[in-house]
Amino acid sequence: MFEIIKTPKIDFIGKRNIAFMASGIFIAIGIVALIQIARGAINLGIDFSGGTSVHLKFEKPIPMDHARKILEQSGLKDVDLQDFPAENKLLIRIKKSDIETGKVSENIVRIFSEGFSGTKFVVDSTTEIGPKIGKSLQKDALIAVAIATAGILIYIAWRFRFKFGVAATIATFHDVLFVLGVFYIMNKEINLLLITALLTIAGYSLTDTVVVFDRIRENMKLRYKEPIPLVINSSINEVLSRTIITAGTTFLAATALFFFGGEVIHDFAFAILIGIAIGTYSSIFIASPILVVWKGRLRK
Amino acid sequence: MKKGLRWRFSLIGAVVIFAIIFFLPSTPVFKAMPEWWGKNLPNRGITLGLDLQGGMHLVFEVDGEKAVDSAVERTASGIRQLLTEKKIRFTAIKRSGFTGIEITHPSESSTQIKKVVENNYPSLRIKDAGKSRLNLILADKESEKIKETATEQALETIRNRIDQFGVAEPVIHRQETNQIVVQLPGIKDPQRAIDLIGKTALLEFKLLDEESPVAAQLPASIPSGGEEKLLSEFKDRIPEGDEILFERVVDKETGRVSKRPYLAKKRAVLTGDVLTEARVNIDTRYNEPYVSVSFDSEGAKIFERVTGENVKKRMAIILDNNIYSAPVIQERIAGGHAQITGRFTENEAKDLAIVLRAGALPAPINMLQNVTVGPSLGQDSIDAGVKAGMIGAIAVILFMVIYYRLSGVIADFAVFLNVIILLGALAWFNATLTLPGIAGIILTIGMSVDANVLIFERIREELRLGKTVRAAIDAGYKKAFLTIVDSHVTTLITAAVLFQFGTGPIKGFAVTLSLGVMINLFTSMMGTRVVFDLITSKRALKRLSI
Numbered sequence: 016m017f018e019i020i021k022t023p024k025i026d027f028i029g030k031r032n033i034a035f036m037a038s039g040i041f042i043a044i045g046i047v048a049l050i051q052i053a054r055g056a057i058n059l060g061i062d063f064s065g066g067t068s069v070h071l072k073f074e075k076p077i078p079m080d081h082a083r084k085i086l087e088q089s090g091l092k093d094v095d096l097q098d099f100p101a102e103n104k105l106l107i108r109i110k111k112s113d114i115e116t117g118k119v120s121e122n123i124v125r126i127f128s129e130g131f132s133g134t135k136f137v138v139d140s141t142t143e144i145g146p147k148i149g150k151s152l153q154k155d156a157l158i159a160v161a162i163a164t165a166g167i168l169i170y171i172a173w174r175f176r177f178k179f180g181v182a183a184t185i186a187t188f189h190d191v192l193f194v195l196g197v198f199y200i201m202n203k204e205i206n207l208l209l210i211t212a213l214l215t216i217a218g219y220s221l222t223d224t225v226v227v228f229d230r231i232r233e234n235m236k237l238r239y240k241e242p243i244p245l246v247i248n249s250s251i252n253e254v255l256s257r258t259i260i261t262a263g264t265t266f267l268a269a270t271a272l273f274f275f276g277g278e279v280i281h282d283f284a285f286a287i288l289i290g291i292a293i294g295t296y297s298s299i300f301i302a303s304p305i306l307v308v309w310k311g312r313l314r315k
Numbered sequence: 032m033k034k035g036l037r038w039r040f041s042l043i044g045a046v047v048i049f050a051i052i053f054f055l056p057s058t059p060v061f062k063a064m065p066e067w068w069g070k071n072l073p074n075r076g077i078t079l080g081l082d083l084q085g086g087m088h089l090v091f092e093v094d095g096e097k098a099v100d101s102a103v104e105r106t107a108s109g110i111r112q113l114l115t116e117k118k119i120r121f122t123a124i125k126r127s128g129f130t131g132i133e134i135t136h137p138s139e140s141s142t143q144i145k146k147v148v149e150n151n152y153p154s155l156r157i158k159d160a161g162k163s164r165l166n167l168i169l170a171d172k173e174s175e176k177i178k179e180t181a182t183e184q185a186l187e188t189i190r191n192r193i194d195q196f197g198v199a200e201p202v203i204h205r206q207e208t209n210q211i212v213v214q215l216p217g218i219k220d221p222q223r224a225i226d227l228i229g230k231t232a233l234l235e236f237k238l239l240d241e242e243s244p245v246a247a248q249l250p251a252s253i254p255s256g257g258e259e260k261l262l263s264e265f266k267d268r269i270p271e272g273d274e275i276l277f278e279r280v281v282d283k284e285t286g287r288v289s290k291r292p293y294l295a296k297k298r299a300v301l302t303g304d305v306l307t308e309a310r311v312n313i314d315t316r317y318n319e320p321y322v323s324v325s326f327d328s329e330g331a332k333i334f335e336r337v338t339g340e341n342v343k344k345r346m347a348i349i350l351d352n353n354i355y356s357a358p359v360i361q362e363r364i365a366g367g368h369a370q371i372t373g374r375f376t377e378n379e380a381k382d383l384a385i386v387l388r389a390g391a392l393p394a395p396i397n398m399l400q401n402v403t404v405g406p407s408l409g410q411d412s413i414d415a416g417v418k419a420g421m422i423g424a425i426a427v428i429l430f431m432v433i434y435y436r437l438s439g440v441i442a443d444f445a446v447f448l449n450v451i452i453l454l455g456a457l458a459w460f461n462a463t464l465t466l467p468g469i470a471g472i473i474l475t476i477g478m479s480v481d482a483n484v485l486i487f488e489r490i491r492e493e494l495r496l497g498k499t500v501r502a503a504i505d506a507g508y509k510k511a512f513l514t515i516v517d518s519h520v521t522t523l524i525t526a527a528v529l530f531q532f533g534t535g536p537i538k539g540f541a542v543t544l545s546l547g548v549m550i551n552l553f554t555s556m557m558g559t560r561v562v563f564d565l566i567t568s569k570r571a572l573k574r575l576s577i
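Protein sequences, first through last, are from chains A and B.
According to this note's numbering, the first sequence is numbered sequentially starting from 16.
According to this note's numbering, the second sequence is numbered sequentially starting from 32.
For the record, the hints were derived by calculation from the structure and aren't laboratory data.
Incorrect hints may appear among the rest.
[As the list claims (entries may be wrong)] Straight-line alpha carbon distances no greater than 30 Å define the calculated DSSO-like cross-link-like pairs of lysine-lysine that follow:
hint, chain 1, residue 1, chain 2, residue 2
1, A, Lys147, B, Lys538
2, B, Lys498, A, Lys24
3, B, Lys158, B, Lys219
4, B, Lys418, A, Lys240
5, A, Lys72, B, Lys538
6, A, Lys24, B, Lys509
7, A, Lys104, B, Lys418
8, B, Lys418, A, Lys203
9, B, Lys145, A, Lys147
10, B, Lys118, B, Lys145
11, B, Lys97, A, Lys150
12, B, Lys97, A, Lys154
[To be verified] Computed, partial: chain A to chain B, Cβ under 8 Å:
hint, residue
13, Ala159
14, Phe188
15, Thr264
16, Gly276
Glycine is no exception: its CB is placed at the ideal position from the N, C-alpha and C atoms.
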């Protein structure tokens, strides 16, 4: 047998205070990110804020200064330029435009075909989202998160005990907040694709937690005379190799997406990558210790 | 071989064969298949999302307020006409507020007016406002109904236009109360499509008022964009019942656009609803396309009468408040045909004919969302997705073999089954594959080994306890079962939520994720088990390569 760790006996529960402290910081950052989202003071994607984005693909490299200059001259305000030099691609974004939907992208394409008359380009994609849609998408996303949370809580409370459900939900929120916090700190865009990634992470993290919980429950029945922290600790150790292997294979797949999936999916894959790492951490260091710290009946 | 084993093998075999049959139409191989195949077996396959094949996703909002506004306007002029016909005296009829009409009248006609309104406009609520004034207000329920009908009609009209425009597999449906979603896959000329859908296409024929001295004061031409200025200049001079409309003039040589103002009667002689046919013809003299329209019998009669009464005068042909042409009526025009000329390109003429045939929108629509993906980006995304998928799959497969040896190969067999069945299931549901959907498949590959890892780790534990191979396998599967179910259901919950709230690409992701999870459950409980049973059924294994 080829094993990563031979019958581990790590004292995870004993390190819970360090973990809680670290996670407290993560959650604080995540909450700051949430507040900033509510205030609109964050890099919100145009899915939510409304606005225009145009992807252009040029046949040869173009000077960014010139692109910036012609946009400025045309009087477009708050233009955000991002270039992908490897593929001669340019992403132009304008948020919260008051101009009628449908006119901005037309304008941008015109400005570039006049300003770069010598260089041919194709329009890879244009996205224009009116403020109304942005608002309703924001609302939908919030509702989705709420429903998912409630569904998970109910399922776990039914399959285990209420306390397990709460612990799993806290751990899941922890992970989602963490990834959100990372995106906020890195000033990456918060868009619909990220919300998708966050819900996927929630599902993944939960799976991880459930596996640990299942073993805890099983061991509690078998070893009902032992103190609970001990049972929980050895349960985590027993499933540790599974936790690491599954995290590993999923990480491999997400890494492939991150490096080879193309620019559209890049941030999505990035979110999944850190989500896998944090989801694994939280099922060990957060979800299970909560069961220990929270006094009350655990055994059925 | 045990009986149960044979049965399970056949089931897996059948599922795989079905999956392949369903998935085949989505591959290039399908073109090479014999003809009977396409006729008798599934031929639809997986649909590519707009983000993969390129195309447009548009959301429009129907301006229901405008529909209510014009309904009130129509009602007001209808009442005016009725009262005039019945020779009931009134002083003035004008709009008051958004849904109100105010009638001022000599006190003796009050009851008569009320009666006429009650009989003909049951949706109006009547209020006395002093002796000589009546207030009519459109009931809220009625204005809701108008908005609702406007959206329904707009949906129908847009559907007609798209049908005639010719887009393969468009998706047109209503969302929320007054929004219309239009998806046009693989479209080449996005701007043309937007223009076509967005045109209100209200066609009107109006007589020009050339007798008024104001008509002579109008400049022959103004630069494009100067309309507002001209209108405010003439605001107080426009005769009662007239309005200023503009014709768009393009200079053939310089290509410069200018506007030519006309003074026209407000009342339309005829509107587009009498149209029965609109066709593109080519003027042989100038080789210019024009649109010829035909009226129904009622419209033809009116047109004949009006042209007969107004020979040598000019009649403007107006679409969405823009004059297209204003020809001089040479003679009484019988037969119910007219021509709309206006220096069109062929596509412009074609689109004009389409919107005229499909009818006018009952109210203007505003574009709320426009996502357009070029076809080259779509292909790039597919290529990148396939590449990432291959690399991810190979990495996972290699890892499993290295870590679990022969059992790893069995787990890889499950991965392989998963992917094939997932592709088949996507094709079976005729699901839409999107870029996040591809990401979903790749993630499923990563997670698909999870169930097997759970089982294998259990088996290892049992082996460590000294159980026989056979017993360890049985115990491993049994103990892992509930955990696997739990972990799959939780993922399924989030996938279901994603499906419910997601649109477009995200829905695609949710579909692959939830299908992947369910298939995973099947392959891990059935697929790998059957292989283990096969290995252990022939002879008792002393050691398991795990």
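Verification of the hints:
no. : hint                : in the structure
1   : A/Lys147 x B/Lys538 : 21 Å, holds
2   : B/Lys498 x A/Lys24  : 23 Å, holds
3   : B/Lys158 x B/Lys219 : 56 Å, violated
4   : B/Lys418 x A/Lys240 : 53 Å, violated
5   : A/Lys72 x B/Lys538  : 28 Å, holds
6   : A/Lys24 x B/Lys509  : 25 Å, holds
7   : A/Lys104 x B/Lys418 : 20 Å, holds
8   : B/Lys418 x A/Lys203 : 25 Å, holds
9   : B/Lys145 x A/Lys147 : 42 Å, violated
10  : B/Lys118 x B/Lys145 : 14 Å, holds
11  : B/Lys97 x A/Lys150  : 23 Å, holds
12  : B/Lys97 x A/Lys154  : 27 Å, holds
13  : Ala159              : 4 Å, holds
14  : Phe188              : 13 Å, violated
15  : Thr264              : 5 Å, holds
16  : Gly276              : 4 Å, holds
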